[in-house]
Amino acid sequence: MNINNFEKTINEFKDNLLRFAFYRTGSYENALDITQEVFIKCFEKNIDFTNLENPKSYLYKSIYNACIDYSRKQKINTVSIDKNSLNIRSNELNEIEISEEYKRIDAILQKIPDEQAEIVRLRIIDGLSFKEIAKIIDIPVATAKSRFKYGINKLKTFYKEKQEV
Amino acid sequence: MDCKKFNEILLEIDDINSISNEMQEHIRKCETCATDYKTTKKMYDDLSPKLEIKTPDDYTANLMSKIENINSAKKTINKNRFGFWKKISAIAAVFLLVFFISRLDFNNKTPLISSANAAENIFMHSISFLNNIKTIYIKFKVKTLPQDNFEYLDAECNFVEHTLVKEFAGKKQWKIEKPERAVAFDGKQKYLYIKNVGLAEIGSAKNNYVDWMKRLLNPKDIFENELTNAKNSKSTKYEITEKDNLIILNVFSKAKGDYTNPYLKNTSFGDSDSKTVYKFSKIDTILQSVKFYIIDKNKENLMLDISEIKYNLPLSNKDFEIKLADGIKWHKENKIPNDKTFIGITSKKAAEIFFNSISKGDWKSISAFYPDFDEMSENAKTEIINDYKGIKIIYLKDAFKSGQYPGEFVPYKIQFTDGEIIEHNLALRNDNENKIWQLDGGF
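Residue numbers (our numbering), protein chains in the order written: chain A, 1 to 165; chain B, 1 to 443.
A few of these clues could be false.
[As the list claims (entries may be wrong)] With a straight-line cut-off of 30 Å between C-alpha atoms, the simulated BS3-like cross-links for lysine-lysine are:
#1 B:Lys348 <-> B:Lys413
#2 B:Lys323 <-> B:Lys340
#3 A:Lys154 <-> B:Lys291
#4 A:Lys162 <-> B:Lys41
#5 B:Lys42 <-> A:Lys45
#6 A:Lys41 <-> B:Lys139
#7 B:Lys139 <-> A:Lys45
#8 B:Lys214 <-> A:Lys154
#9 B:Lys275 <-> A:Lys154
#10 B:Lys206 <-> B:Lys190
#11 A:Lys8 <-> B:Lys66
#12 B:Lys381 <-> A:Lys149
#13 B:Lys364 <-> A:Lys14
#14 B:Lys275 <-> B:Lys401
#15 A:Lys156 <-> B:Lys29
#16 B:Lys349 <-> B:Lys360
#17 B:Lys360 <-> A:Lys131
#18 B:Lys291 <-> B:Lys172
#19 A:Lys131 <-> B:Lys279
#20 B:Lys392 <-> A:Lys149
#21 A:Lys160 <-> B:Lys42
#22 A:Lys131 <-> B:Lys172
#23 A:Lys8 <-> B:Lys364
#24 A:Lys103 <-> B:Lys42
#25 B:Lys275 <-> A:Lys103
#26 B:Lys214 <-> A:Lys45
#27 B:Lys291 <-> B:Lys214
No lab work stands behind these hints: they were computed from the structure.
Note that the structure is a prediction, hence the values are computed from the model and not measured.
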């Protein structure tokens, strides 16, 4: 495996993967740890990204699994995380701002079932296609689309009710 | 464009702020969709992150430093291991080199031999070595789906990491594992775990849960099979080359089966025109790695890559256990039921009964046809019931057979309540003791 290519892959995906992990765990610090661990595991497994057909899907899937493991370890729900556990540390980001950002989006997604919120998060926050989402969470593309549809429609109803009020 | 089409496209659109002229035209005329679009835009905006979450400046440097450390440690370990094997192999080397030089026809540094006889010699040596191993550990990757059966191959899929462990003495336990599916044998019973649907089944020792992978559990059988082919098959071709410390044997085989209907062609190990590349250490003919390529339209697609094989590693009972997710428990497999609804009819009729029942949300009456449903987790069941309730059959076509599959495939096209249409083939088989049609795989 070529170390330079490995480094190139890290630089290409690190920020997107961090964001992906952050909005699943609610913790900047843990998201950083998760992305680092995934890259290290890939290296230990001799994963050659240049040989993979779709390194993006592979990495997202790895982060997705690592976040599930993280949630199990924390014994908290993958989506409805304990807000007190927010533990943000970054030199460049304002801790309060980033905490508020997570809470703001999570508060909206709390209104729909977890499995639908999951797809909405992957589609809107991470900008992934339905095909990519289906591969990452191992469901048929049709199921990914229908969960997204149900989730969005439920949220839309909520928005409309709010407007009426 | 009507409202239904507008809403369908809106859900699939990548950039909510940039809709087509046709859609703009529609919202000019339709007040409901215009309001709906406005609400959707607001909702997408609220859900979009306003802050950029970025890694710290020193992220890559720190990570690469850790990776460099691991790399150095790896090199040291490999060096030591080589020293160990060098000592072990020293005596055998003299014999084996003499044996090979006398049997293979090479007379330069990198010979190319297209001879079944030379391949036979290599296979015999491997069989002899594998007859005496105590344990094996194989790490490999396959282009497949993480949850699908162990036979399934798909060039469109990413590589999925697998591991296999087996002991050849004692209880003869083994385990094959990939991210969403694992099968183990404890010497008495087999265990199947499909993580994404929460299925954890204990079956009898006779159950074949691993399909083609059972060959990897008995690597000696692979070479016995290859040996028989080398002796009898005229369609199998061989190339032998030598590079560095390795003997590289390429085996070109044709798919075995009836492909009048080519549906299964190149979708599994047995149903493929293939090239298998075996690499053996030159000094002792021990198998080091295997690559399996499907050859489709003269293009080679790497489907299986065995990168690491360790022989005689000390293994404990724990190495053969499957770890279940929280809340999942093992249960005994359902016995083959004797439901007359699915006996003595065509596979097409069985498929029709199946689709009509799930459309009504009635999964109980088809439990004999699809026993796996009862074993799924409650969440998976609810999801599947909701997804398929109200579906309409657009067509069911006459069943066909393909390749080596013992069952039949029924082509179908169905429409979901949201208008989405899918068409695929339903795999059914009735090669069980009660001759009852059962669903084999997904739908």
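Check each numbered hint from earlier against the structure, then list the numbers of those it violates in ascending order. Going through the list in order, the structure violates hints 2, 3, 5, 8, 9, 13, 19, 22, 23, 25 and respects the others.
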